[in-house]
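Participant: One letter stands for each residue in the lines below.
Protein chains: 2
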Amino acid sequence: MNTPLPRWQRRKDARPAEIIQAALTLFSDKGFAATRLDDVAKLAGVTKGTVYLYFENKEELFKAVVRETVVPALEFAETLVEEHQGAWSDLLWQLLSSWAERMEHATSSGISRLMIAEATNFPELARFYVDEVVVRSRRLFADVINRGIQSGEFREVDPMMAARAVTAPLVMIKVWKQSFALCDTEPVDLKAFARFHFDLLVQGLRHR
Amino acid sequence: MNTPLPRWQRRKDARPAEIIQAALTLFSDKGFAATRLDDVAKLAGVTKGTVYLYFENKEELFKAVVRETVVPALEFAETLVEEHQGAWSDLLWQLLSSWAERMEHATSSGISRLMIAEATNFPELARFYVDEVVVRSRRLFADVINRGIQSGEFREVDPMMAARAVTAPLVMIKVWKQSFALCDTEPVDLKAFARFHFDLLVQGLRHR
DNA sequence: TTCATTGCTGAACGAAAAGTCAATAACTGC
DNA sequence: GCAGTTATTGACTTTTCGTTCAGCAATGAA
Chain L
1 MNTPLPRWQR RKDARPAEII QAALTLFSDK GFAATRLDDV AKLAGVTKGT VYLYFENKEE
61 LFKAVVRETV VPALEFAETL VEEHQGAWSD LLWQLLSSWA ERMEHATSSG ISRLMIAEAT
121 NFPELARFYV DEVVVRSRRL FADVINRGIQ SGEFREVDPM MAARAVTAPL VMIKVWKQSF
181 ALCDTEPVDL KAFARFHFDL LVQGLRHR
Chain Y
1 MNTPLPRWQR RKDARPAEII QAALTLFSDK GFAATRLDDV AKLAGVTKGT VYLYFENKEE
61 LFKAVVRETV VPALEFAETL VEEHQGAWSD LLWQLLSSWA ERMEHATSSG ISRLMIAEAT
121 NFPELARFYV DEVVVRSRRL FADVINRGIQ SGEFREVDPM MAARAVTAPL VMIKVWKQSF
181 ALCDTEPVDL KAFARFHFDL LVQGLRHR
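One line per chain: the protein sequences are L and Y, in this order. If you use the UniProt record's numbering, the first sequence corresponds to residues 1 to 208, in order. If you use the UniProt record's numbering, the second sequence corresponds to residues 1 to 208, in order.
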């Protein structure tokens, strides 16, 4: 006789990650308040009680989602800058295109919109996100621009301003797509936009 | 004897606008779900019951807020384009700077972030917002760029793409400021950024 | 001053969703 | 197999907040 397969299994180690993944999906789609823990549990293949085994409450789950999702993305880009040789505009393109790439596929890219929506309700978390992601990526791009200026490839501009001008459009387009996917009659291709933005940018940064 | 001033007054005509104003403030700060009608009422100087005299329910109040706030802003800009003579880059600057100006002072500018956060929870409203605001302003800028191309002032680019590239950074910076005002260690001046963005943009749009 | 009208209040209701916990079923070592 | 351990369940309680409405008080006309 084959043993009847159990109604559920004990998987203490896998649960937290699975619950966080489910929560990320729902939070970034509906927002924090509009997401029911019952739904998170169902999507994670458990019941609500189990969620409370691993997370103190809804707010702590939310924090865990942000913390777990946010950090790893930037390390890759930082080494890319460190090791680069050649034209700085080429590096800029590498960074922008690989970023656009990740935005299109990674589940984690929903975090931007989520943080924008909930920042004022979770001040400490907002600070964490700003430090770990916003400022850090801003610095990354400012760094590239700065080196470009020093090598004479770019004209003299405020690097931090430029960094904002580089990052803002991509994030915005992604956020827009996420929010208005159902209504936008002429959706943009993220990578095509990244290319367009890059061309505009590089010509804007060159000497006149 | 002076008559003891009444505990409250009847002000049927003024109430709706006051309630909408209060709701706008709280919605754009905390989001739709996290805003309590008790708080809206208190901020408007009434009680919850009064809110229900003028609005069917919370969702209808939300829709009213968006509708009342959003529409008038664009009309001004559209006449500006219609009546313009001279260099198209000058018009572009006029539009960007006046926009940045309004963003800094008008209470209505919190709507962008609110819509981004709640769009997926209110599909019909999202469609309304996209049609009345997003697409319309995108068309506005695309129009300017297009005329600039035809007059030979700008090189040939996709006008709709360019419109996105023009509008996205300003909106994004505004949204960022709103979300992360408390954490951002180096806040940007919106008008200064608008100027920077414009310079980059115009050089990017000129012939090589 | 009085009365009818009605804008407004605030207490009470109920649904929905957060949070709790005793019972239970899956696992583990003997 | 059996017994002890514990991860998981699901029904339960609690809380929060949108919504209702009977009654009160401001107003204006007579």
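Honestly, I wouldn't trust all of these hints.
Same chains, same names: a pair is fine if it fits in one copy or spans any two.
To be verified - Pairs of lysine to any residue, SDA-like flavour, derived with a Cα cap of 20 Å:
| hint | residue 1 | residue 2 |
| --- | --- | --- |
| 1 | 177 | 36 |
| 2 | 191 | 160 |
| 3 | 63 | 98 |
| 4 | 58 | 36 |
| 5 | 48 | 89 |
| 6 | 177 | 121 |
| 7 | 177 | 125 |
| 8 | 177 | 138 |
| 9 | 30 | 111 |
| 10 | 58 | 142 |
| 11 | 12 | 120 |
| 12 | 58 | 17 |
| 13 | 58 | 34 |
| 14 | 177 | 132 |
Treat the hints as calculated values from the structure; they're not laboratory data.
Participant: Starting from the hint list further up, note which numbers the structure goes against and sort them upward.
Facilitator: Numbers 1, 3, 5, 10, 11 - these are the hints that the structure violates, sorted from lowest upward.
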